[in-house]
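All chains, please: the whole structure from these sequences, using the hints.
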Amino acid sequence: MSRRARLALFAVAAAALAVTLGIGLAGLPSFGSQVSSYAKLLNVLAPRQRHVTDVVSAVTFDYRGIDTLFEEFILLGAVAGISMLLRPLSDEVRELPEDKVPDRAIPPPSPAVWLLAVLLSSLLALIGLETVTHGVLTPGGGFQAGVVLASAIYVVYLGTNYTTVERYQPDALLEASDGVGAFGFVVIGLLGLLAGDVFLTNVVGLGVTGNMIAGGTIALLNLTVGLEVAGGFAILASEFLDQTAVIRTRTKQ
Amino acid sequence: MSDAVIAVALVWVAASGTAVVLTRDPLQQAFVAGFFGLGLAFLYLSMQAGDVALSQIVVGAIALPLIVLLSLAKVRKGRE
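Protein sequence lines correspond, in order, to chains H and L.
Under this note's numbering, think of the first position of the first sequence as 1203, with each following residue one higher.
Under this note's numbering, think of the first position of the second sequence as 4, with each following residue one higher.
DMTMM-like cross-link-like pairs, simulated, lysine to aspartate or glutamate; straight-line CA separation at most 20 Å: (1) L:K80 - H:E1300; (2) L:K80 - L:D28; (3) L:K80 - H:D1301; (4) L:K77 - H:E1300; (5) L:K80 - H:D1293; (6) L:K77 - H:E1294; (7) L:K77 - H:D1293; (8) L:K80 - H:E1294; (9) L:K77 - H:E1368; (10) L:K80 - H:D1444; (11) L:K77 - L:D28; (12) L:K77 - H:D1301; (13) L:K77 - H:D1444; (14) L:K77 - H:E1297; (15) H:K1302 - H:D1444; (16) L:K80 - H:E1297.
The following label-pair restraints were derived from C-beta to C-beta distances: (17) H:A1374 - L:A18: 44 to 52 Å; (18) H:R1289 - L:A52: 32 to 40 Å; (19) L:F38 - H:P1313: 29 to 37 Å; (20) L:A18 - H:A1207: 34 to 42 Å; (21) L:V24 - H:A1217: 20 to 28 Å; (22) H:L1325 - L:A76: 23 to 31 Å; (23) H:Y1240 - L:R79: 46 to 54 Å; (24) H:L1298 - L:P68: 19 to 27 Å; (25) H:S1204 - L:A64: 45 to 53 Å; (26) L:A18 - H:A1218: 26 to 34 Å; (27) H:L1331 - L:L13: 32 to 40 Å; (28) L:G53 - H:L1325: 16 to 24 Å; (29) L:D6 - H:G1412: 29 to 37 Å.
Hints were generated in silico from the structure; no laboratory data involved.
Backbone N, C-alpha and C define an ideal beta-carbon position, used for all residues, glycine too.
Structure (structure tokens):
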């Protein structure tokens, strides 16, 4: 295609984009306008219908639970794809990390870094557990908690070394956590069918609004999502870390 | 008052987003992108979207820099 034809095509496409974008932007609520009527309705209905105080979790895990189910499997697929792409290839070998100077062990991190890692990793684990268990009460939930929990493992790496962190994250456990978490979402969805209603119906006892265990399946789905995301992000981190630390091109003999 | 906060957040996001594009070195870009992520989290929080802000913080502060920095380390190791 000649330069002239390409420019003409671009001009037509850009004009079409400008028109549609302009119409869309003109329909937006004005700057600083109040929340939409849908949000107002949900703020009133969700605490009554689902006994939760974090309305967002009622939307993501209940009213729109099926969207979150697909997102879970997108994450599962992405993590599986990364694991496939980053496997050791036929011309690569796994060797433990070594110092650039031959015959010298890698010096351990300084005591200050180690102490910081100990404090930070336990704090992150605590915040992760707090976020996943309070998903129905306060902002946050399974996804955010999962990433925070996985990051506790990276901090252990920062404060120690590759061998130590590998001991605390066996691949089988991470993969099981990822898979079981995603599968658990489907199983909880099937409970609705077993109860003679539609998929992902909230059939578990709703509890008292404001309690930590409330919202029926919303709290349970938070737990399974937390399990899946923690496993998934830990696999992601460990695959990238393996590439940097232990996988290297086989030296030609 | 809240309008002023949202306006500050929008300007921050626009300025730091442009800075991410204009930074050419990938290592420096990772840090600028972190600052951009913080701006986005602040914007979501100023619009009372606490859940989204929390997701943005965990992804922007933990997952993204980790992947970028480890990939850069791998690429640089290959060059030596």
